[in-house]
Amino acid sequence: MRGRPGLITDYRRDMAIFRTNTQLAWFVVMAIGLVLIGLRMSADVALLGATAAVAAVGAIGLNLVTGWAGQVSLGHAFFLGLGAFTAAVLNGDPDGRLVGYGLEMWVWLPAAGLVAAAAGLLAAPLAFRLRGLYLAFVTLGLVFIGDHFFRELRSWTGGQGVGRPAAEPVLFGFELGRDGEVFGIFLQAEQKFYFFGLLVLLVMAFLAKNLVRSRIGRAFAAVRDRDIAAEIIGVSLTRYKMIAFAISSFYAGIAGALIWMFIGFVEPTSFNILLSIQYVAMVLIGGVATISGSIMGAVFITFLSKMVDKLSGFIPFISEAPTGGFLTKFQVEEMLFGALIIGFLILEPLGLYGLWIRVRNYFKAWPFSY
Amino acid sequence: MTQFLQATINGIAVGSIYALLALGFVIIYKSTQVLSFAQQGLTVLGAFWVVYFSNVLDLNFWIALPLALILSAAVGIGIERVMLRPMVGKPVFSVAILTIGLNIVLLVIAFDLIGVNIRSLGDPWGLKSISIGDLTISHKDLATIVTAAIVVSILLAFFRFSRFGLAMRAVAADQEVALAQGVRVTRVNAAAWAIAAVLATLAGVFLGAGTGLAPAVGTRAIRALPAAVIGGLDSIAGAIVGGLLIGLIEAYMVTYQSEYLGFLGANFASVVAWVLMFLVLLVRPSGLFGTVEVERV
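Sequence order for the protein chains is W and P. Heads up, the first sequence is in this note's numbering, so the first residue is 1 and it goes up one at a time. Heads up, the second sequence is in this note's numbering, so the first residue is 1001 and it goes up one at a time.
Hints were generated in silico from the structure; no laboratory data involved. A virtual CB, placed ideally from N, CA and C, is assigned to each residue, including glycine. No incorrect hints appear here.
Listed next, with one range per pair, are the computed distances between beta-carbon atoms:
hint	chain 1	residue 1	chain 2	residue 2	range
1	P	VAL1292	W	SER214	30 to 38 Å
2	W	ARG12	P	VAL1177	46 to 54 Å
3	P	LEU1279	W	ALA365	54 to 62 Å
4	W	PHE363	P	VAL1092	30 to 38 Å
5	P	LEU1179	W	ARG131	22 to 30 Å
Next comes chain W alone, as it looks inside the complex (with noise of 0.2 Å):
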C-alpha cells in the first residue's frame, strides 16, 4: 500500500484504530501537543481542561449508548450522580457527619463505575420493554426519581443545599490535588488533574474504540439500524441493550466521580435534567456514534460555558448575578445549549465531526469543488 494509504483492501486495515498512517502521526502530534501545553498552562485552564477531557468520558459513555445501540437517554445525569455519590461516600471520613468508609481512590473509583453500571442494569429491562420515545420518558423519569432521593437521603448524600464533600484526590499516596514536583517538574494541582484526566480519557476512549470495533460494537449497531432484522440474524436485544446500558452507565460512574473531585464538592441538586441535556448536546454537537466526536463534543461545551461566563462581564445586558439584569448568564447558557443542539440537528446531523469530514474532504479534492 506504499503511496496510497487512502486504498484500504480489508476488513482489518478498515476496522483498525488508526486507519492510516497520517491519522497515528496526527495522534502523536496532538497527544505530545497537548502535554507540552499541560506543562505551561494557568491554573484555571488546566482545571478546565481536565474537566473537559473527563466529560469526554461521560460524553463517550452516552453516545455508545444512544449513538451506537441506539437507545435514547435522558438519564445521564442519573448515572452521573450516582458515580459522583458512590465516590463520597466511599471516600468519606468515617467518623463524619456523614456515611464514609475512607476508602482509597484505587478502590472508589472503579466502585463508582461497577454502582452505576448496577444502576444501568436494573433500568435496562425497561429499555426491552420499551422503544424509541417511551424509552425516553422513562430515563426523564429516572433523573427525577434520582433528583429526589439524592435530596432525600441526608446521611449519605448531606441533602438539599448542604452537600458533601466529594472524594479526595489521593491515588496510592500521591497527591493530586496538592502543588509539588512531579518526576522533577514542578505541576500546580490544577495541572495534576489535567494530566490525570487525559490519561483516564485516553484509556476510556481506546476502551471504547476496541469496544465498538468488535462483535459487540457490531451487534449495537445492528440494534440501532434495525433492531427486528438484528434479531432475526441472532443478536439477542436484551443482552446487548443490558450491555450497552451497563457499560455506559460505568463510563458515566467514572465521569461523575472524577469531575465532582475536580470541583471537590457534591450538591445533591446539580444532578437535574440540564446536566443530561449538556451531555446530549455533547454527543450530538460533537457528533453522534464516533468516539472523536464525543471528545469534541465535550470540549466544545466545556469550554462554551467558561467563556459564557466571561463574556458576561462584557456584554451590558446579560447579568452575574443568579437574578436580575435582562439575561443571567445562566440563562443564556441554556438557551445557547438549546439553539446549538437545534442547530446541528437541523443544519448539521453529524455534528463537529461532520463539519471535520467536509473541512477534510474539501482540502482532499482541491482544487475541484467536490
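Knowing the structure of chain W, use the given hints to seat chain P on it.
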C-alpha cells in the same frame, strides 16, 4: 374516612389540571407526531399573560383570561409555524430534542418576565373555601374541576361533531391520506398547537390561582408528561384517565406516605408520578389505552 375523602377531592382537582396538560400533549402528538416537551414552558408563559393583563394592565380577571388565552393560542401557532414546520419529516427524536430546547427558551423568557416575586393572578377564587360536613373544598378546586369538565366536553364535542374536528381526526388517523383528501394538514397542525397552548394556559391559571405564579407552577406542570405516557401517548381518554390517576395518587401520597412509607423521604409525592409511569410501562409498554405498536417484518 374524612381524610380519605378530602384527599380524593384534592386529587381530582389537581388531576384535572394534569389531564388538561396531558390532553394538549396528546393532541399535539396525534396530529403532528411531535412529542412536545414544551408544555411546561407554555404553562408558565400562559399564566404570565394572565398576570400581565390582570395585574400590570389592571384589567378585570374575566377580561384578562380570554385575552391571555387568545395570546397563548397565537404563541402556539407562532411556535408551530417558526420552529416545528421546518422539522416536518425529520427524525422524531430530533424534533423531541428541539422541543426540549424550545421549553428552555420559553421558561427563560417567562421567568424573566415574571421576575423574582410571586405574582398574583388576580383570580376571583383566592383562598376561599366552602365546608360540607368535615370536608373543606376550596373555591379554586371546584372551579378547576368544573372548568376542566366543561373544556374537555367541548373539545370532545368539537372533535366528534365539527367539520374541523373531523379534519383533525383524519390527520391523526393518516396524515398522507388526509392530505390527499384535501384536508389542510398545516392548518390542523397549527390548530393542535393552539389548542395545546390554550389548555396549558388554563392549567397554569389553576396551578397558580390563589397562591400566585411561582416557579413551583413549572415543576408541577412537568408531571403531566408521565400522565400522558401512562394513558398512552395517542389516546385522548388515556390522557384524562392518566391525569386523574396521577392527581389522585399524589394526593394520597401527600396524606398517607409519611405515616406508612416514611422511608421514601419527605416529598415523595412529587416523584410518585414517575414511579407509577415505570410500573405501568413495565406491564403495558404502550400505556393504558395507547395503540399497541405492531411489529411487521
